[in-house]
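Trainee: Given only the sequences and the hints, what does the whole structure look like? Please build it.
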Amino acid sequence: METLSYRLTTQQRAGGSKSVALLGVVASGNLEVLVERVLPDMECQVEVKTAAEGFAAVWMAVVADFVERRSPGGLKLSINDGGARPDTVALRLAQAVRLIEEDDR
Amino acid sequence: MNTPNLPARQVSHVAIRETTSWYEASARERVRLLVDAGSFEEFIGPEQRETSPHLRVFDLPEQFDDGIIVGRGKIAGASVFLAAQEGRFMGGAFGEVHGAKFTGLLRAARDMKSIPVFILFDTGGVRLQEANAGELAIAEIMRALIEARAAGVKVVGLIGGRAGCYGGGGLIAGCCSALAISEQGRISVSGPEVIETNRGVEEFDSRDRALVWRTMGGKHRRLLGSASAFVDDTIASFRNVALHLITSAPGFDVSMLEVEQAGLEERLERFGACSDAMDIWRAMGISQAEAVPAMDAQDFIALMNSDREQQHDDQ
Chain A
1 METLSYRLTT QQRAGGSKSV ALLGVVASGN LEVLVERVLP DMECQVEVKT AAEGFAAVWM
61 AVVADFVERR SPGGLKLSIN DGGARPDTVA LRLAQAVRLI EEDDR
Chain B
106 MNTPNLPARQ VSHVAIRETT SWYEASARER VRLLVDAGSF EEFIGPEQRE TSPHLRVFDL
166 PEQFDDGIIV GRGKIAGASV FLAAQEGRFM GGAFGEVHGA KFTGLLRAAR DMKSIPVFIL
226 FDTGGVRLQE ANAGELAIAE IMRALIEARA AGVKVVGLIG GRAGCYGGGG LIAGCCSALA
286 ISEQGRISVS GPEVIETNRG VEEFDSRDRA LVWRTMGGKH RRLLGSASAF VDDTIASFRN
346 VALHLITSAP GFDVSMLEVE QAGLEERLER FGACSDAMDI WRAMGISQAE AVPAMDAQDF
406 IALMNSDREQ QHDDQ
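Residue numbers (this note's numbering), protein chains in the order written: chain A, 1 to 105; chain B, 106 to 420.
Any given hint might turn out to be false.
Said to hold, decoys possible - Here are the simulated SDA-like pairs of lysine to any residue, each with C-alpha atoms no more than 25 Å apart in a straight line:
id	chain 1	residue 1	chain 2	residue 2
1	A	Lys18	B	Gln115
2	A	Lys18	B	Ala120
3	A	Lys49	B	Arg161
4	A	Lys18	B	Thr156
5	A	Lys76	A	Leu39
6	A	Lys76	B	Glu155
7	A	Lys76	A	Val58
8	B	Lys179	A	Glu102
Said to hold, decoys possible - To spell it out: a stretch of chain B is covered by chain A in this simulated footprint if at least three of its residues, at any positions, have a beta carbon under 8 Å from a beta carbon of chain A; those stretches are:
id	segment
9	141-153
10	160-170
Said to hold, decoys possible - Negatives, chain A to chain B, calculated, CB over 10 Å:
id	residue
11	Leu4
12	Val25
13	Asp65
14	Gly74
15	Glu101
Hints were generated in silico from the structure; no laboratory data involved. Idealized CB from N, CA, C, for every residue including glycine.
Mentor: Take a look at the structure:
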């Protein structure tokens, strides 16, 4: 297992008012993302625990792209990864932010 | 549609429930759509990070909820407890934390006495990496379940997930007040690969999917009477039948156990010599036994109903 941590500055605060959301499942080639609204409005933190070691540079690129596109200000995203591909990671991150931004249903 | 004066988001909740496949849904989706919109309250949620203390020893990834969601929600306005296993995380297998959450929910139900429990099974059995803790968890869950039933609580199992209901999950299912199963659902203790590994391919060919399903699958379990209801693979079907089973399932006392024991003895006597599920169906007098595996859910439900009418006529 490898643990990675990124802290980035965002353009704006993530929308919505939910304080916590969870998306995805830890399985082979899949991951779960736990989103918590616990940071100052213009900050974002991504914590990764991954079964696939040695991909820190790829994670950095995917996380930087995600923060640029979605501006998840105020959110801490914690990931348990079962060896998902970068496109799956990008999809789950986007879905997780959408989930915490939408109304409670 | 019969949904007068509901706010728009509840209408969409109802509509999504009608079309979402139980088999395809995650445990979280099943719980969210099974209960009334927005009514679910999770106990020991993922944000508390009560993860397995064992998986890290094997350098394996954890899941924040340890593969099970427990909590309380409302169905048609009435409170229910729910435990839902996530079959895609380690095959929905029982570990120490997973089992403790399950046991705790059943003990709460036992103490509250009046709130029924739905168990959304999706499990291959005990997690091998924490086998001792997992086996103990199965024993604790069965004890807590029986104590809850003895206190008057109805415990209904819902089975239709991709991992089936195997190993200790099969034992726990056997303790429930009633079970609802879909075609995709399977109930057994030893799984197909386990039987083949121990007894050989002549005994059970685990790659023969038709054999697996007609031996352990939903239709056979319903025909045998192990499951009290057969449902279509949608969350709405499971919800409707679960609601019905809360009221129709038997209570728990000596006379119920005697009736169940007599039923099992009769089953063994009637079908003990059969070597294949299809022989059992023929012995039951089902005229189109060969057609059962390919029959769609609605036709099968109709067959079960006509069979029941037949039994009523006989009486």
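Trainee: Look at each hint and say if it fits the structure.
Mentor: Hints versus structure:
no., hint, result
1, A/Lys18 to B/Gln115, "19 Å, holds"
2, A/Lys18 to B/Ala120, "24 Å, holds"
3, A/Lys49 to B/Arg161, "11 Å, holds"
4, A/Lys18 to B/Thr156, "23 Å, holds"
5, A/Lys76 to A/Leu39, "7 Å, holds"
6, A/Lys76 to B/Glu155, "18 Å, holds"
7, A/Lys76 to A/Val58, "19 Å, holds"
8, B/Lys179 to A/Glu102, "22 Å, holds"
9, 141-153, "holds (count 5)"
10, 160-170, "holds (count 8)"
11, Leu4, "13 Å, holds"
12, Val25, "5 Å, violated"
13, Asp65, "23 Å, holds"
14, Gly74, "15 Å, holds"
15, Glu101, "15 Å, holds"
Hint compliance for this structure: hint 12 alone is broken.
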